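Asks: Under my numbering, the sequence shown is numbered contiguously, ending at residue 151.
Derived by calculation from the structure, the hints in this document are not laboratory data. A hint or two may mislead.
Once the Cα atoms are required to be at most 27 angstroms apart in a straight line, the calculated DSS-like pairs of lysine-lysine come out as [to be verified]: (1) K79 x K14; (2) K114 x K124; (3) K114 x K46; (4) K42 x K114; (5) K46 x K14; (6) K46 x K6; (7) K42 x K14; (8) K106 x K46.
Simulated restraints on C-beta separations [stated by the list, open to error]: (9) K124 x E74: 32 to 40 angstroms; (10) Q18 x G122: 26 to 34 angstroms; (11) G122 x S72: 32 to 40 angstroms; (12) G134 x P97: 20 to 28 angstroms; (13) S19 x K106: 29 to 37 angstroms.
Just so it is clear, the structure is predicted and the values come from calculations on it, not from any experiment. Ideal Cβ placement from N, Cα and C applies to all residues, glycine included.
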Amino acid sequence: MLASPKESMDMVIKRIDQSEADRIVIIGSSLGGFYTNYLAEKYQCKAIALNPAVYAARELEPHVGMMTAYDSEEPFDFKAEYIDQLRALQVESISNPERYFLIAAKGDELLDWKEMVTFYPGAKQLILEGSDHGIADYATHLPAVIEFIEH
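Work out the full structure, taking the sequences as your base and the hints as a guide.
Replies: See below:
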């Protein structure tokens, strides 16, 4: 498991650079939404951010130390240096907001949906009443995601 933001980003960039795709679209949720911002700015591509952690370093700094993986019960050490790596990947403001689609849930129990809305001025935004951090009803919003990608 990769915990280092730098190693994770290096791996994704390598895969994108090695791909033969004529266009890319980045989709990410939570911390993945944070990474989506960085990649969309780097590659000037379309991006869909789902309940993104727009200020990941600030959100994760209180969690430095031993943690349990979200998708397993495996313990891992979330190191202080990872916060600096996240700061290095921080996008201060998005360029070309028309390339972005934000899906934010008012019911997100971890992140502030209002902060997400403010971070993406001028971008297409779908603000969900209720829902949750994982956007459990994501499948119902998939047609809007596909339409954004195709147009």
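Asks: Look at each hint and say if it fits the structure.
Replies: Comparing the hints with the structure gives:
Simply put, K79 and K14 have alpha-carbon atoms about 24 angstroms apart, close enough for the 27 angstroms limit, and the pair holds. Restraint check for K114 and K124: the C-alpha separation of about 15 angstroms stays at or below 27 angstroms, so the hint holds. This hinted pair checks out: K114 and K46 have alpha carbons roughly 22 angstroms apart, not beyond 27 angstroms. Our distance criterion of 27 angstroms between C-alpha atoms is met by K42 and K114, whose separation comes to about 25 angstroms.
Taken as a hint, the K46 and K14 pair is honoured in the structure, with Cα atoms around 18 angstroms apart against an allowance of 27 angstroms. A distance of roughly 22 angstroms separates the Cα atoms of K46 and K6; the hinted pair therefore holds under the 27 angstroms criterion. Using a Cα cut-off of 27 angstroms, the hinted pair K42 and K14 holds, with the two alpha carbons roughly 13 angstroms apart. Of the pairs offered as hints, the one joining K106 and K46 holds, with about 23 angstroms between alpha carbons and a cut-off of 27 angstroms not exceeded.
A hinted range of 32 to 40 angstroms holds for the C-beta pair K124 and E74, which are about 37 angstroms apart. Q18 and G122 have their C-beta atoms about 32 angstroms apart, which keeps the hinted 26 to 34 angstroms range intact. For the pair G122 and S72, the beta carbons lie near 39 angstroms from each other, so the given range of 32 to 40 angstroms is met. In this structure the supplied range 20 to 28 angstroms holds for G134 paired with P97, their Cβ-Cβ distance being about 25 angstroms.
At about 36 angstroms, the CB distance of S19 to K106 agrees with the hint of 29 to 37 angstroms.
In summary, the structure agrees with every hint in the numbered list given earlier.
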